[in-house]
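Trainee: From first to last, the protein sequence lines are chains A and B. The first sequence finishes on residue 163 if you use my numbering, and the numbering steps up by one all the way, no holes. The second sequence finishes on residue 114 if you use my numbering, and the numbering steps up by one all the way, no holes.
These aren't lab readings, by the way, just hints derived from the structure by calculation. These figures come from a predicted structure and were not determined experimentally. Mixed in with the good hints there might be a few duds.
Derived CB-CB ranges, DEER-like [said to hold, decoys possible]:
1) B/Ser6 with A/Ala86: 16 to 22 Å
2) B/Lys62 with A/Glu102: 32 to 38 Å
3) A/Leu136 with B/Gln83: 23 to 29 Å
4) A/Arg70 with B/Gly54: 35 to 41 Å
5) A/Ser113 with B/Ser53: 31 to 37 Å
6) A/Thr62 with B/Ser81: 46 to 52 Å
7) A/Thr53 with B/Trp84: 26 to 32 Å
8) A/Leu136 with B/Ile13: 21 to 27 Å
9) A/Pro56 with B/Ser113: 32 to 38 Å
10) B/Ile13 with A/His58: 27 to 33 Å
Even glycine gets a Cβ: it sits at the ideal position worked out from N, Cα and C.
In case you want the letters, here they are:
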Amino acid sequence: EAGVTQSPTHLIKTRGQQATLRCSPISGHTSVYWYQQALGLGLQFLLWYDEGEERNRGNFPPRFSGRQFPNYSSELNVNALELEDSALYLCASSASGGPSTDTQYFGPGTRLTVL
Amino acid sequence: AQSVSQHNHHVILSEAASLELGCNYSYGGTVNLFWYVQYPGQHLQLLLKYFSGDPLVKGIKGFEAEFIKSKFSFNLRKPSVQWSDTAEYFCAVVNQAGTALIFGKGTTLSVSS
Chain A
49 EAGVTQSPTH
59 LIKTRGQQAT
69 LRCSPISGHT
79 SVYWYQQALG
89 LGLQFLLWYD
99 EGEERNRGNF
109 PPRFSGRQFP
119 NYSSELNVNA
129 LELEDSALYL
139 CASSASGGPS
149 TDTQYFGPGT
159 RLTVL
Chain B
2 AQSVSQHNHH
12 VILSEAASLE
22 LGCNYSYGGT
32 VNLFWYVQYP
42 GQHLQLLLKY
52 FSGDPLVKGI
62 KGFEAEFIKS
72 KFSFNLRKPS
82 VQWSDTAEYF
92 CAVVNQAGTA
102 LIFGKGTTLS
112 VSS
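Whole structure, please, built from the sequences with the hints as guidance.
Mentor: Here it is in structure tokens:
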């Protein structure tokens with residue numbers, strides 16, 4: 049069974065640009081989560097999508113946004129990139145029900161570097 | 002704000018030594034707890050989880066964790082570590098609203114052969 053996949057593996061952008069990161073969940077999973085893993089800060093929760101709807105967002109500015117498509121894949125968009133946005137962005141998926149019901153399975157991540 | 006504390010930032014052990022990594026969370030009530038591991042060059046993988054029932058949870062690769070409600074703790078243990086256990090370990094708890102997973106900052110384990 050294929051796991052969570054993410055693309056691209058690496059992304060290099062300059063300040064002020066926009067970045068788009070993509071995630072495909074495990075087959076049968078309807079929930080997708082996004083996390084930022086910045087150096088020394090651990091994983092910080094960004095967004096949770098389920099059945100195409102945004103269910104929760106973490107303490108990040110509005111320039112971090114995303115969406116979930118009918119096939120349950122998801123996109124994370126980061127506008128007006130800042131240097132501190134450089135991080136590993138992880139996507140996870142779970143069956144429907146949310147974090148208190150189902151285990152999250154993680155993808156390999158997209159390394160975003162902002163110059 | 003709800004939080005997870007991992008007390009050890011970096012732990013260095015020799016092979017066959019016993020391991021205990023601390024994890025404390027900041028609120029009471031019903032909790033769902035996880036330990037994830039990130040081996041070098043690999044993605045985050047689930048080691049074990051606690052949702053309810055027996056507070057002593059057994060996971061993969063000989064790891065176990067004990068949920069102690071009175072201490073708000075979920076410490077990870079392994080009786081005898083191997084070189085291949087070298088990795089970063091993350092403790093996580095579902096927030097009280099059940100809408101997000103909150104992670105600790107992680108503990109790097111280095112095992113020398």
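Trainee: Each hint needs a verdict: does it hold in this structure or not?
Mentor: Do the hints match the structure? See the list:
| no. | hint | in the structure |
| --- | --- | --- |
| 1 | B/Ser6 with A/Ala86: 16 to 22 Å | holds (18 Å) |
| 2 | B/Lys62 with A/Glu102: 32 to 38 Å | holds (36 Å) |
| 3 | A/Leu136 with B/Gln83: 23 to 29 Å | holds (26 Å) |
| 4 | A/Arg70 with B/Gly54: 35 to 41 Å | holds (37 Å) |
| 5 | A/Ser113 with B/Ser53: 31 to 37 Å | holds (35 Å) |
| 6 | A/Thr62 with B/Ser81: 46 to 52 Å | holds (49 Å) |
| 7 | A/Thr53 with B/Trp84: 26 to 32 Å | holds (30 Å) |
| 8 | A/Leu136 with B/Ile13: 21 to 27 Å | holds (24 Å) |
| 9 | A/Pro56 with B/Ser113: 32 to 38 Å | holds (36 Å) |
| 10 | B/Ile13 with A/His58: 27 to 33 Å | holds (30 Å) |
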